[in-house]
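Chemist: Chain by chain, the residues run as shown.
There are 2 protein chains.
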Amino acid sequence: MAKDMFLLWGSGSPPCWRVMIALEEKNLQGYQHKLLSFEKGEHKSKEVLDINPRGQLPAFRHGTNVVNESFAACMYLENQFKSQGNSLIPSDPAEQALVYQRSFEALNLHQKMVDLITYTRRTPEEERHEEAVKRNKEGATAELQIWESHLQKTGPYLAGKNFSMADVVFFPTLALGFRLGLSQKKYPKLGGYHDLLKNRPSIKASWPTHWLQNPPTMDPLKDL
Amino acid sequence: MAKDMFLLWGSGSPPCWRVMIALEEKNLQGYQHKLLSFEKGEHKSKEVLDINPRGQLPAFRHGTNVVNESFAACMYLENQFKSQGNSLIPSDPAEQALVYQRSFEALNLHQKMVDLITYTRRTPEEERHEEAVKRNKEGATAELQIWESHLQKTGPYLAGKNFSMADVVFFPTLALGFRLGLSQKKYPKLGGYHDLLKNRPSIKASWPTHWLQNPPTMDPLKDL
Numbered sequence: 000m001a002k003d004m005f006l007l008w009g010s011g012s013p014p015c016w017r018v019m020i021a022l023e024e025k026n027l028q029g030y031q032h033k034l035l036s037f038e039k040g041e042h043k044s045k046e047v048l049d050i051n052p053r054g055q056l057p058a059f060r061h062g063t064n065v066v067n068e069s070f071a072a073c074m075y076l077e078n079q080f081k082s083q084g085n086s087l088i089p090s091d092p093a094e095q096a097l098v099y100q101r102s103f104e105a106l107n108l109h110q111k112m113v114d115l116i117t118y119t120r121r122t123p124e125e126e127r128h129e130e131a132v133k134r135n136k137e138g139a140t141a142e143l144q145i146w147e148s149h150l151q152k153t154g155p156y157l158a159g160k161n162f163s164m165a166d167v168v169f170f171p172t173l174a175l176g177f178r179l180g181l182s183q184k185k186y187p188k189l190g191g192y193h194d195l196l197k198n199r200p201s202i203k204a205s206w207p208t209h210w211l212q213n214p215p216t217m218d219p220l221k222d223l
Numbered sequence: 000m001a002k003d004m005f006l007l008w009g010s011g012s013p014p015c016w017r018v019m020i021a022l023e024e025k026n027l028q029g030y031q032h033k034l035l036s037f038e039k040g041e042h043k044s045k046e047v048l049d050i051n052p053r054g055q056l057p058a059f060r061h062g063t064n065v066v067n068e069s070f071a072a073c074m075y076l077e078n079q080f081k082s083q084g085n086s087l088i089p090s091d092p093a094e095q096a097l098v099y100q101r102s103f104e105a106l107n108l109h110q111k112m113v114d115l116i117t118y119t120r121r122t123p124e125e126e127r128h129e130e131a132v133k134r135n136k137e138g139a140t141a142e143l144q145i146w147e148s149h150l151q152k153t154g155p156y157l158a159g160k161n162f163s164m165a166d167v168v169f170f171p172t173l174a175l176g177f178r179l180g181l182s183q184k185k186y187p188k189l190g191g192y193h194d195l196l197k198n199r200p201s202i203k204a205s206w207p208t209h210w211l212q213n214p215p216t217m218d219p220l221k222d223l
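Which chain is which? The protein sequence lines are A and B, in order.
Quick note on numbering that gives the first Met the number 0: the first sequence kicks off at 0 and runs consecutively.
Quick note on numbering that gives the first Met the number 0: the second sequence kicks off at 0 and runs consecutively.
If you are wondering where the hints come from, they were derived from the structure by calculation, not from laboratory data.
This structure is a prediction, so every number in the text was calculated from the model and none was measured.
Treat the hints with care, as some may be off.
Copies of one chain are not kept apart here, so a pair can be met inside one copy or by any two copies together.
Okay, derived cross-link-like pairs now, PhoX-like style, lysine-lysine, Cα gap no bigger than 25 Å in a straight line [unchecked claim]:
1) K33 - K45
2) K39 - K188
3) K43 - K152
4) K152 - K45
5) K184 - K203
6) K184 - K2
7) K133 - K43
8) K136 - K43
9) K221 - K33
10) K160 - K188
11) K33 - K133
12) K136 - K111
13) K203 - K43
14) K81 - K221
15) K33 - K111
16) K2 - K45
17) K133 - K111
18) K2 - K136
19) K136 - K188
20) K81 - K188
Here chain A stands alone, though its shape is the one from the complex (with noise of 0.2 Å):
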């Protein structure tokens, strides 16, 4: 069934690894990949760009149909194999309604992140502050508190009892974070979540591969 689709994708990226995670939710299993280096700049070429024209990874078909936005190709799976796997919008309005809230919410989190981890390459030399840098810091480490409140009140998953579309969305930027240093200690009730999570057949199933690998190589999330 998942012979029709196909997956170009990017280890370690959270977009990707989202989709893989629905993938693998939905028992879509067997679907054709291929793993890109970013290194290389192979999501610049014209295998990834016939798919994908903005040259960013993932990039996804099922059949003829291309859904390249991580999390709208997550929506397309669970739409389209509804009663296939785990269902990971429930029906229930309350929890649909958290479900959605806490899905959209975690782009907050990535982006926050994402800003942080990616300054210095973003931005050239003679423009970096030390104070944005400060600023970015202290941007991401409220992020985390309030989803720290949030796993408090409504663990043990991100919108409840169940696993959901929000897992899906948020685990793999929370995954990279501990990666790059981030403290357990300082968020007891993230780092509780990550520990719950990463054994889960879906998640395990998808771990970036370079990460069972190879031990992290630097540590910017440590002072967060």
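Since chain A is already given, all that's left is putting chain B on it; use the hints.
Modeler: Just chain B now, with coordinates in the frame of chain A:
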């Protein structure tokens, strides 16, 4: 039916406007609402914080279900009132794929316009760089060209022949762009799209109140 819904909103805010268009499209007129002023800082008032701890607008509640992220609220309304008003997510797989793709892709234009418009407000004077403004302008221009090309291929609406969630998410940002000086001559497809949609009943009924009363006072996007 919509009497158990409550929206706190700010005039001209694309996220607020999205929710208001979705409410109109789903025939949910008659909801309770209150217009707040960003300039007076009312989005940080207790009234907002009680519903949306992030102190942002919109703040939206349906009964006891709270959904503040604007796109999340639109998805929730579409799902809870699937057979009421206009369908915003088609069931045909190819159409659905394109609607999801364009809906989420629209967040890129929104982010790039916000980065550009709020640069001066966000960045302390001693950290501002002309080169950064130039890069932001180039980023927004490239993004607008992507959408010009999308409409060339799949108009008249953003995801083809029918109005959809993609238009709900995208239109308010584009309308803000034209209000702030964007040239219809340079972006004729986007201009035509804007003219097609501005008289749609859901959009006309929710048009920002202060835009109707006051002409624009600045045109920061005129040279994009």
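Chemist: Hints first: check each against the structure and report whether it holds.
Modeler: We went through each hint and held it up to the structure:
{"no.": "1", "hint": "K33 - K45", "result": "within (14 Å within a copy, 50 Å between copies)"}
{"no.": "2", "hint": "K39 - K188", "result": "neither (37 Å within a copy, 36 Å between copies)"}
{"no.": "3", "hint": "K43 - K152", "result": "between (42 Å within a copy, 22 Å between copies)"}
{"no.": "4", "hint": "K152 - K45", "result": "between (47 Å within a copy, 20 Å between copies)"}
{"no.": "5", "hint": "K184 - K203", "result": "within (23 Å within a copy, 52 Å between copies)"}
{"no.": "6", "hint": "K184 - K2", "result": "neither (43 Å within a copy, 46 Å between copies)"}
{"no.": "7", "hint": "K133 - K43", "result": "between (32 Å within a copy, 23 Å between copies)"}
{"no.": "8", "hint": "K136 - K43", "result": "between (30 Å within a copy, 22 Å between copies)"}
{"no.": "9", "hint": "K221 - K33", "result": "neither (32 Å within a copy, 43 Å between copies)"}
{"no.": "10", "hint": "K160 - K188", "result": "within (15 Å within a copy, 47 Å between copies)"}
{"no.": "11", "hint": "K33 - K133", "result": "neither (38 Å within a copy, 36 Å between copies)"}
{"no.": "12", "hint": "K136 - K111", "result": "both (9 Å within a copy, 21 Å between copies)"}
{"no.": "13", "hint": "K203 - K43", "result": "neither (28 Å within a copy, 41 Å between copies)"}
{"no.": "14", "hint": "K81 - K221", "result": "neither (40 Å within a copy, 46 Å between copies)"}
{"no.": "15", "hint": "K33 - K111", "result": "neither (29 Å within a copy, 30 Å between copies)"}
{"no.": "16", "hint": "K2 - K45", "result": "within (22 Å within a copy, 53 Å between copies)"}
{"no.": "17", "hint": "K133 - K111", "result": "both (12 Å within a copy, 22 Å between copies)"}
{"no.": "18", "hint": "K2 - K136", "result": "neither (43 Å within a copy, 42 Å between copies)"}
{"no.": "19", "hint": "K136 - K188", "result": "within (20 Å within a copy, 40 Å between copies)"}
{"no.": "20", "hint": "K81 - K188", "result": "neither (31 Å within a copy, 36 Å between copies)"}
Violated hints for the displayed structure, listed by number in ascending order: 2, 6, 9, 11, 13, 14, 15, 18 and 20.
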